[in-house]
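J.: Sequence:
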Amino acid sequence: MTEPNTAGAPPELNAYRRAMEGTLGIPFTAGNRVERLVNGARIFPAMIDAIEAAEESIDFLTFIYWQGDVAERFGHILAERARAGVRVRILLDSFGAHSMPDSVLRDMETAGAEVAWFRPVKRWRFWQVDNRTHRKILVVDNRVGFTGGVGIAAEWDGDARNPDEWRETHFRLTGPAIDGLRGAFLSNWVEAGRRGFEDRWTMAEPLPDADRDGALIQVLRTSAAVNYSDIATLFRLVIKLAQKRLRITTGYFVPDTATVEMLCDAARRGVEIEVLMPGPHTDSRVARIAGEDAYGPLLEAGVKLYRYQPTMLHAKIVLVDDAVVVTGSANFNHRSMGKDDEIAISIIHEPTIAALGADFDTDRARCEQVTLQAWQERGAWQRFKEYIGRLLSPQA
74 MTEPNTAGAP PELNAYRRAM EGTLGIPFTA GNRVERLVNG ARIFPAMIDA
124 IEAAEESIDF LTFIYWQGDV AERFGHILAE RARAGVRVRI LLDSFGAHSM
174 PDSVLRDMET AGAEVAWFRP VKRWRFWQVD NRTHRKILVV DNRVGFTGGV
224 GIAAEWDGDA RNPDEWRETH FRLTGPAIDG LRGAFLSNWV EAGRRGFEDR
274 WTMAEPLPDA DRDGALIQVL RTSAAVNYSD IATLFRLVIK LAQKRLRITT
324 GYFVPDTATV EMLCDAARRG VEIEVLMPGP HTDSRVARIA GEDAYGPLLE
374 AGVKLYRYQP TMLHAKIVLV DDAVVVTGSA NFNHRSMGKD DEIAISIIHE
424 PTIAALGADF DTDRARCEQV TLQAWQERGA WQRFKEYIGR LLSPQA
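My numbering numbers the first residue of the sequence shown as 74 and each following residue consecutively.
Bear in mind the hints are in silico, worked out from the structure with no lab data behind them. Note that the structure is predicted; figures quoted are calculated from it, not measured. For each residue, glycine too, the CB sits at the ideal point set by N, CA and C. Certain hints may be false.
Unchecked claim - Lysine to aspartate or glutamate pairs mimicking EDC-like chemistry, simulated, CA-CA at most 20 Å apart:
#  : residue 1 : residue 2
1  : 377       : 334
2  : 317       : 237
3  : 377       : 345
4  : 317       : 423
5  : 317       : 395
6  : 313       : 122
7  : 317       : 394
8  : 377       : 432
9  : 317       : 347
10 : 313       : 395
11 : 313       : 394
12 : 377       : 394
13 : 313       : 334
Stated by the list, open to error - Computed spacing ranges between beta-carbons, pair by pair:
#  : residue 1 : residue 2 : range
14 : 330       : 190       : 50 to 60 Å
15 : 157       : 353       : 17 to 27 Å
16 : 382       : 431       : 11 to 21 Å
17 : 375       : 431       : 22 to 32 Å
18 : 118       : 160       : 17 to 27 Å
Let the hints inform the model, and build the full structure from the sequences given.
T.: Here it is in structure tokens:
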């Protein structure tokens, strides 16, 4: 395997890398190839192509698997590969995927695919209902992987042209970072009571191929404990690291008090902070109301807030100084920081960051800005909703 070239990285990038490795205790791997996939029109064909090409194994984990043509397509192709002798393991969150069509499940299981449910809802384990796996992971032949925010449902099957087609970003990865995705899948698979290692698995399994000029990627998998996870550490770290610019795109913006204070402090020290979040189209009114409680102090500190207008904005992207991007399944909210199992990938790769920066500009142009003046002039009903939101924020 060719050794990736990292010696020529600019010193400032090495500083971000060192801070993130030293704080989270997880090294970046070098030599990864990254392809960003914008909206279901590009995400689903890429994932289906990878599944169709599978020769040995498919590991698939998702929080959301709902109704629609895309759900049928995924079920059909997964079943087809299982019939062809490919080892297919499918892990579904029992809360997020509860409305999955029974016909799709039967087809996959009859074909020989292994289907497991993460934390089935049981009355005597009521405390588990609130702690889900929110990870989205697909690993094919241990050589190509996908992660990001997409769910398997009709809402994502399009190009964000109207309210029926959600705005999303997902990533196709190859290289050493694949091991991080596979490990995140296996941790939830084993918790679901399944075997974690194949009989043919040996220490001699080759390392994934690396690209000498590829991306640096850090893979962080988190499990919530005592209402806190390393997702909160990661988000607070990048706020602290930001020197010039911080751009946040999130499907649910419900920062806790400590995070709000850090964002305000960063804005006051001169960091330009912009947040894109859902506008009139959202699948969680509770999350929107809960997040609005933070608008006042953020706007007063100079943070710019924008609401996406065409459809539900579900992407999860944090751009730090045009140097690092943090993405994956986690939102900027209480659930991701303290309740759900998540996966986050931090990427240092100039072409990827430039492309995501351009996407941010395009999305911002389709937003309506929340101004301080308008917020200060809001009515009594809005202020009452913010009070209710403050009570509901731990669940948002």
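J.: Tell me if the beta carbons of residue 382 and residue 431 are separated by a distance inside 11 to 21 Å.
T.: holds, 19 Å
J.: Is 50 to 60 Å right for how far apart the beta carbons of residue 330 and residue 190 are?
T.: violated, 35 Å
J.: Could you grab the alpha-carbon distance between residue 317 and residue 395 and see if it respects the 20 Å cut-off?
T.: Distance of about 9 Å is within 20 Å: holds.
J.: Quick one, are residue 313 and residue 394 close enough, alpha carbons at most 20 Å?
T.: holds, 11 Å
J.: With a cut-off of 20 Å on the C-alpha distance, tell me whether residue 377 and residue 345 pass.
T.: holds, 8 Å
J.: Taking only the CA atoms, is the gap from residue 317 to residue 394 under or equal to 20 Å?
T.: Roughly 6 Å separates the two Cα atoms, so the pair holds.
J.: Can you confirm whether the C-alpha distance between residue 317 and residue 237 stays at or below 20 Å?
T.: Answer violated: residue 317 to residue 237 is near 36 Å, above 20 Å.
J.: Check the hint pairing residue 313 with residue 334 against an upper bound of 20 Å on the C-alpha distance.
T.: holds, 11 Å
J.: CA of residue 317 to CA of residue 347, is that 20 Å or under?
T.: Roughly 12 Å between the alpha carbons, so the hint for residue 317 and residue 347 holds.
J.: Can the restraint linking residue 377 and residue 394 be considered satisfied, given a maximum Cα separation of 20 Å?
T.: Since the Cα atoms of residue 377 and residue 394 sit roughly 16 Å apart, the hinted pair holds (cutoff 20 Å).
J.: Between residue 317 and residue 423, is the straight-line Cα distance small enough, at 20 Å or below?
T.: Answer holds: residue 317 to residue 423 is near 17 Å, not above 20 Å.
J.: Look at the Cβ atoms of residue 375 and residue 431 and judge whether their distance stays inside 22 to 32 Å.
T.: The hint (22 to 32 Å, Cβ to Cβ) holds, given that residue 375 and residue 431 are roughly 24 Å apart.
Checked against the numbered hints above, the structure violates hints 2, 6, 14 and 15; every other hint is satisfied.
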